[in-house]
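Using the sequences and the hints given, assemble the complete structure.
So you can see what is in the structure, the chains are spelled out below.
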Amino acid sequence: MSKPTSINEKLTVAPATRTERLVAYRGSLRTWIARPTNQTFARNIGILLAVGIVFSLTTDRFLTVENLTNVLRQVSFVGIASCAVTLVMVAGGLDLSVGSVVAIAGVVAAKFAAEAGWPLPAAFAMGILAGGTFGSLNAFLVVGLRINPVISTLGTLYMGRGLALLLAGGEPVKGVPLAFNDLATSTIGPISTPVAIFVIVAAVLLLIERKTLLGRWAVASGGNTEAARLSGIPIDRTRITLYILSGLAAGIAGIFINSRVATGDPNSGVGFEFDVIVAVILGGTALAGGQGTIIGTVVAVFILGVLGNGLNLLGVESFSQYVVKGILLVFAVGIGEVFRGTRRTLTRLGRLSSLNSG
Amino acid sequence: MRELLAVESLSKSYGGVRALRSAELDVRAGEIHALLGENGAGKSTLVKILAGATTRDSGEIRLDGVPVDFRSRAESMHSGISVIFQHANLIPQLTVAENVTLGVEQSRFGFLRDSAQRRIVRDVLARLGSGIDLNRVAASLRSAERQLVEIARALLHDSRLLILDEPTASLGSDEVTHLHLVLAQLRAAGLGIIYISHRIEEVLAVSDRFTVLRDGQTMATREAAGTRIEHVVSLMIGRDSDHVFQTTSHARPDVVLEVRNLSTETGLRGITLTLHAGEVLGVYGLLGSGRTELAHAIFGADPITGGDVHIAGSTRSIGTPRRAVRSGIGLVPEERVLHGLFPQLSVLDNMSSARPWLYSRFGVVNDGARFRLVDAMARRLGIKAASLEQVVSALSGGNQQKVVLGRWLIGGSRLIILDDPTVGVDVGAKREIYKLISDLTSDGTAILLMSSELSEVIGLSDRVLVLNEGSIAATFRRGQMSEESILRSAHGLSA
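Chains as they are written, first to last, in the numbering used here: chain A, 1 to 358; chain B, 1 to 495.
Keep in mind that the hints were calculated from the coordinates and are not lab data. There may be inaccurate statements among the hints.
Stated by the list, open to error - A short, non-exhaustive set of chain B residues, derived as facing chain A with CB atoms under 10 Å:
| hint | residue |
| --- | --- |
| 1 | 73 |
| 2 | 95 |
| 3 | 136 |
| 4 | 225 |
All C-beta atoms, glycine included, are put in the ideal place defined by N, C-alpha and C.
In structure tokens form, the structure reads like this:
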């Protein structure tokens with residue numbers, strides 16, 4: 001008797017008729033909106049537009065090319081790190097250490113430039129590499145030793161800050177060449193370098209998310225770990241890779257942030273990890289994993305950037321801005337949860353009544 | 001026909017409980033083979049061993065004549081065994097296409113080649129008679145659709161043997177018919193199929209042969225054609241009973257609990273019952289018939305959509321577990337560790353958790369009083385623990401169950417709801433629990449006994465309610481009931 005795989009070979013299916021294609025097309029919008037990440041995305045686009053319109057009407061300077069490029073430059077650092085952290089969280093992990101990685105990367109790069117006299121590109125590369133090393137440490141703790149990701153990366157957040165301060169002797173690194181500042185202020189064509197790098201990082205991670213095995217495995221590992229294991233998905237390898245990517249991305253953000261102040265500052269990036277996590281969560285990534293998109297995170301980064309910029313233009317001081325951003329996060333994410341709960345109840349009731357009548 | 005799977009003298013014990021005792025099973029290529037048995041007969045253990053989710057103690061398994069020994073699910077899967085567990089194993093956030101190809105994705109340099117695979121996935125699903133949109137996320141699928149997606153996955157995995165565990169538990173009748181058509185097609189293509197279900201009539205209609213397990217042993221393997229249900233049932237339940245049950249009723253005339261026309265979101269429909277002091281009211285039903293749901297609804301743990309639940313002497317419906325506890329109702333839940341215990345806490349903390357007012361005043365706990373109350377009850381129940389400070393998760397199943405029971409006995413209860421109280425409990429502890437039920441009823445406590453074990457329900461109950469799809473299918477009095485008549489009602493046949 002032949003092997004049952006022959007079932008696949010025996011299959012013949014008539015090509016779809018015109019009506020079938022039409023029905024499929026109509027259905028596709030419904031299936032698109034059925035994904036929670038897409039619902040969040042639609043909501044966030046709405047918020048972004050609303051915030052943008054309000055600020056265009058209430059200030060004269062918001063809707064100028066100069067101001068908007070300024071916004072882009074401001075969000076690029078958080079954006080670079082957020083995109084990578086998104087994938088870590090989709091795979092069921094968490095990375096709180098990015099704030100300290102920023103400082104480590106900056107201090108390491110500045111040290112190599114100032115004290116070892118390395119050419120700047122090599123020094124910056126060492127900074128990014130230091131970030132990657134921290135990512136591997138996170139991977140070792142979370143995947144290798146099976147320590148809860150919150151605890152592991154909270155620990156490395158502290159370790160990293162301490163290491164950066166020790167390395168730099170508690171103050172910004174001295175004797176850094178002036179050209180250290182060029183990276184953050186330079187442009188690639190008409191676009192400032194940090195913005196260009198943000199676009200590239202987001203594009204690469206988007207490709208990973210949508211088109212590679214790594215992206216698929218990330219969703220599977222975070223979505224239903226047991227099912228992923230039973231399907232032969234290399235969960236550990238997936239998570240290790242993503243933690244390292246997250247460290248590298250935070251390293252990139254770190255050399256830009258420190259290049260902007262023209263030295264390696266061990267106190268740079270304090271609170272950075274919270275900006276990142278807020279953007280990722282606002283962008284629709286589930287804390288429990290399995291759900292989240294790069295594009296969603298990018299939009300959320302823009303919302304937070306535009307909000308900060310607009311409130312600045314309106315003369316709202318930074319203390320109140322914290323309050324506003326906190327309310328936005330709780331409101332936007334919390335309301336979604338409430339609605340989701342209600343709809344689930346409604347569908348269940350609907351299904352029950354159809355069962356009972358049928 | 002070619003023999004595909006041979007299981008010979010397979011044994012497996014969990015602690016002191018022998019789940020399988022020299023079980024035998026043979027499945028041919030191109031056959032649907034029903035695996036039947038009561039809860040605890042060893043079906044799921046057998047499936048777990050075949051799936052590689054647990055290992056055997058002794059015995060032999062041959063697949064296509066080659067001896068196999070699976071140490072992981074992956075090994076079993078690579079040998080061509082696909083298992084569709086009762087609770088679908090899909091990634092809720094991935095689409096249909098992504099779920100079907102999960103683990104066997106085609107890729108080049110790490111980049112997915114989805115479009116090539118999508119065609120195969122669509123073809124396989126079409127072959128299964130399903131036009132499910134490949135872009136829908138698994139979370140939005142109905143259970144019938146999920147099952148088809150899992151079957152499609154099994155086909156992509158080069159399966160030789162497909163095991164379905166209770167595949168029809170959540171399906172409507174059209175969906176069941178369709179599933180059976182699909183299975184017949186797969187049989188024609190040469191797959192071996194093991195089909196596990198409680199719905200005997202349904203299984204017999206679609207199977208070629210069937211095997212009955214009882215107490216971990218294979219009772220018989222027969223041709224399905226022309227077999228009568230009564231015959232299968234008698235194979236399943238056997239005649240011998242190890243337990244001696246009380247024969248006298250302690251029921252008194254005064255009503256303790258009254259349930260009128262109760263309906264819930266969880267699927268109960270129009271349940272009406274009355275429970276008297278000292279009475280044991282048994283509730284029997286198949287998986288998914290609403291047994292546990294009824295226990296939860298009466299205890300106020302699930303929201304009620306219609307009808308009401310009254311404790312005697314009160315006009316208010318119970319509504320919340322807190323009010324149930326305050327009115328003297330105790331629940332011994334089916335999921336002992338998950339719903340019944342605080343696994344990390346001590347015996348003392350667990351047993352004293354229900355009625356803090358017995359040993360506290362103005363919110364301040366009197367530790368001495370608490371210890372004395374628990375100590376007395378632990379002695380009375382004969383709980384075997386190193387000390388009352390021992391963490392409860394370290395105890396055996398039987399002792400854990402006594403801890404849960406003891407919690408409700410401290411201070412006394414008017415009604416105790418027992419939801420499958422003897423599952424995962426050794427024989428000795430089982431006997432003690434039966435004795436305890438008898439003692440309690442003679443003191444006037446009413447017992448609502450949900451059970452999946454027929455002999456237990458019949459042996460202990462003064463009356464038995466049989467549930468079928470959320471409603472009461474029949475009521476039997478002591479002396480009128482037989483295992484056959486109860487099973488027939490539970491299957492929705494006329495008694």
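Which numbered hints are broken by the structure, listed smallest first? 4
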